[in-house]
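From first to last, the protein sequence lines stand for chains C and B.
For the first sequence, my numbering gives the first residue as 1, with consecutive numbering after it.
For the second sequence, my numbering gives the first residue as 1, with consecutive numbering after it.
The hints are simulated quantities; they were obtained by calculation from the structure and are not laboratory data.
Warning: the hint list may mix true and false statements.
What the hints assert, rightly or not - Quick list of in silico lysine to aspartate or glutamate cross-link-like pairs, EDC-like style, CA-CA up to 20 Å:
1. B:Lys67 <-> B:Glu41
2. B:Lys24 <-> B:Glu46
3. B:Lys28 <-> B:Glu41
4. C:Lys2 <-> C:Glu37
5. C:Lys200 <-> C:Glu244
6. C:Lys193 <-> C:Asp243
7. C:Lys200 <-> C:Glu42
8. C:Lys223 <-> B:Glu13
9. C:Lys9 <-> B:Asp7
10. C:Lys2 <-> C:Asp36
11. C:Lys2 <-> B:Asp68
12. C:Lys2 <-> B:Glu46
13. C:Lys186 <-> C:Glu234
14. B:Lys23 <-> B:Glu41
15. B:Lys67 <-> C:Glu6
16. B:Lys31 <-> B:Glu41
17. C:Lys2 <-> B:Glu70
18. B:Lys28 <-> B:Asp44
19. B:Lys5 <-> C:Glu6
20. B:Lys35 <-> B:Asp7
21. C:Lys43 <-> C:Glu202
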Amino acid sequence: MKVVYEAPKINTGVPTTYCGGCGHGIINRLIAEVIDEMELKEKAVLLWPIGCSCVNVNTMDIDQLCCLHGRGPASGTGMKRANPDNLVIVYQGDGDMVSEGMAEIMHAAIRGEKFTVIFVNNAIYGMTGAQMAPTTLLGQNASTAPGGRQVINSGYPVKMAELLAELPGTVYSERVTVNTPANIIKAKKAIKKAFELQMKGEGMTFVEVLSMCPTGWSMSPVKACEWVDTNMTEIFPLGVVKDETEGLKQQEEAAK
Amino acid sequence: MNQVKIDFERCKECGYCIHYCPKKVLVKGDKINKKGYFAAEVADPEGCIACGTCARVCPDVCISVYKDVE
Ligand code: SF4
Ligand code: SF4
Ligand code: SF4
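Build out the structure end to end from the sequences listed, making use of the hints.
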């Protein structure tokens, strides 16, 4: 029998606390698969945000830290500067990053800190009860925006992958999603590329992942996968926003 | 024969594996696990082509897939 799929080796077997169909589960699994494939178990440090994901530290057998609200990029800065050989993964949700910690992520990118950010965008505050996030779509229902988000009260959804791509310190920024088998494969490729660039010592690598929150969106998990396609990708288009690696390769060649 | 194994107690009934299996091998079961979910089940083991899609969409790492190579 040939193994086609088995659980990642760094997984402990402890089940996650996520709701059924939560995109976080898929994204966590992809991170674990890539760490396995790159044989970086001893070098990986995963920095969790505050949100649904942070109570899942027991699911992976690697070094981890649970950061204060939005402060992952600040903690990641210290981690990476102290141990530049480590694979530092700053994992953040949209509430954590874009409202609570906007200053931290922006300044980390401005400084060109050399860690990887995995930004899970589900356009809502999942853990605390479906409140509006800065990434909530216009017209999207939230417990703090009954009837849907409106520009007049709350402005526009924030496009982090594009915003960070503007900064010279960011070498790679891509937006992916995990709503179909094909998109999951692309998401894994993006995560792997970001980790590889980090291990080569490039600048900040940023992967935004559009993720299903069936509970916060009040829909079935399969419907939530469709909703990513029908509603989210119009505002948050998929694909590479910035990739400086070709340029970097040329610089390397020139230096030889 | 190819093999697809689902961890009954881990499953949270999201339905992704059932929805995305190209051969419609999997179904929602009629037994409830300890967490209170109707876990996914293998209904047509012979139909499995061991493509691994079900495992790659599962958010709860419930599924392993093995291909018969004899
Ligand atoms: S509330 Fe949303 S983000 Fe949180 S675990 Fe449930 S589905 Fe996932
Ligand atoms: S391996 Fe492929 S064919 Fe077999 S059950 Fe899973 S998705 Fe269906
Ligand atoms: S994808 Fe996983 S959690 Fe969802 S129904 Fe299938 S086995 Fe259960």
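ask   = Any hints this thing doesn't respect? Which numbers, in order?
value = none
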